[in-house]
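J.: Residue numbers for the sequence shown follow UniProt numbering, so the first one is 1 and each next one is one higher.
To be clear, the hints were calculated from the coordinates, so they are not data collected in a lab. Glycine included, C-beta positions come from ideal geometry on N, C-alpha and C. Among the hints, a few may not be true.
Computed spacing ranges between beta-carbons, pair by pair [claimed, not checked]:
{"no.": "1", "residue 1": "S207", "residue 2": "A122", "range": "25 to 35 Å"}
{"no.": "2", "residue 1": "M22", "residue 2": "A264", "range": "22 to 32 Å"}
{"no.": "3", "residue 1": "S401", "residue 2": "Q113", "range": "35 to 45 Å"}
{"no.": "4", "residue 1": "S196", "residue 2": "A56", "range": "21 to 31 Å"}
{"no.": "5", "residue 1": "D234", "residue 2": "V44", "range": "30 to 40 Å"}
{"no.": "6", "residue 1": "S207", "residue 2": "D15", "range": "27 to 37 Å"}
{"no.": "7", "residue 1": "G47", "residue 2": "E329", "range": "54 to 64 Å"}
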Amino acid sequence: MADEWDSDVRGPISDFDPFSDMYTAETAMDTNRRLRRCPIGRSVGHGGFWTLARHADVLEGFRLDGRELSARHETLDDGTVLGGVTLPPTSTHLGMIEQDPPIYTPLRRSLAQHFTRKAMAARRPRIDALASALLDRRIESGEAEILDDLIRPLAGIATLELLGLPLEGLARFAYPVHSASHDLSKADGLRRIWSSLKADIADVIASRAGQEPRDDLIGAVSLLEVPDWPPSTDFVVDTVFILLLGGVETVTGLFSGTLQHLDAHPEHRARLAADPDLLDSSFHEYLRFITPTTQNARTVLADLEIGGQEMSRGDRIYLNLYSANHDEEVFERPDEVILDRSPNRHMALGHGLHRCIGEHLAKELWTSMMVEVLTRIPDFAVVPGEAVPIVERGLNNGFVSMPVTFTPGAPRHLDDTAADDVSRALLSLRDM
């Protein structure tokens, strides 16, 4: 992003491009700092968009969500193109999260009961057993690949069970999500991966036709009802797809970013190991600091003003969550981790109407694996020069891979059923 901006009759023109090679892990903080200090600017790339970078402006965007701003992904009768919840728009539809009220409201209410704090806490013993079994498989070797050996299979198995998909489908359902979630600018590759994954989901749903609905999320999504708006089969598939996407990738990015930071800050590692009660506030602080999903996007439905900038119907808005979460006007020492930060008004999970429905699941997964790592391999060290970050920060933040070493230990063998289930799920990865 240039320090000097041009202007036209509509306002400042910015050369900010969240998918540019210039917007990376190394440059994102400085770039966003300049964005927050400048007037809201309009970029010409990706069809044109306004960037909201200040916390107050992003919060206002979420306040207008579902009224003056739309999450929908469609073309209206007057030709106005609504581009959905990401920039650039995805090459496919994302189900429930691309709906506005009044349709969205009963959909959200129906599914939210499956993601309550109480419902996710009830799953914690199973999650703990899976996390222990996964670390058992690597602990004697003294080395592991944090994403592929630990957090991704944990998130994948837990999400498959919640949805009602078979554990043997880990490679079929959960791992393509990883391949498909990092760069929306590579439309052709994403279209192929997403189409294949959605076809697999559709096959599972079709196989249940005529059966009694099961007590799982696929069953719940299949039973969704909205007055005067019967959800189509495609909508059900799209919604299962986005639940799968969110369940696997958000916590994977969060956990890998957390371990990278703890590797570089042993004082934080020691403090968490000594006081596990800090994990509660640390979950939100690492969400803020890392911001695994760095953006949301909306389309303007009616002419409006945000942050002193006028915007018109059909304009696209990029909600820069990563920048908002590092706003020095809201957060003391925003570019540092403060484990017990309070209050913590981060927006890493969105805000308001479309706030992430899987927050409590992500917290249980992250906390469970953090306890395993801090108690069983407390001296873990990221192999120097081997961790591979997600380069572009336009959509996601985290790592592609992260090998670690540690002092070898002994397996616990706490739960034979969990160990067997992990083995069954991981067998599916052999043919990848």
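J.: Confirm or reject each hint.
T.: Here's how the hints hold up against the structure:
| no. | hint | verdict |
| --- | --- | --- |
| 1 | S207 x A122: 25 to 35 Å | holds (28 Å) |
| 2 | M22 x A264: 22 to 32 Å | holds (24 Å) |
| 3 | S401 x Q113: 35 to 45 Å | holds (36 Å) |
| 4 | S196 x A56: 21 to 31 Å | violated (42 Å) |
| 5 | D234 x V44: 30 to 40 Å | holds (33 Å) |
| 6 | S207 x D15: 27 to 37 Å | violated (50 Å) |
| 7 | G47 x E329: 54 to 64 Å | violated (30 Å) |
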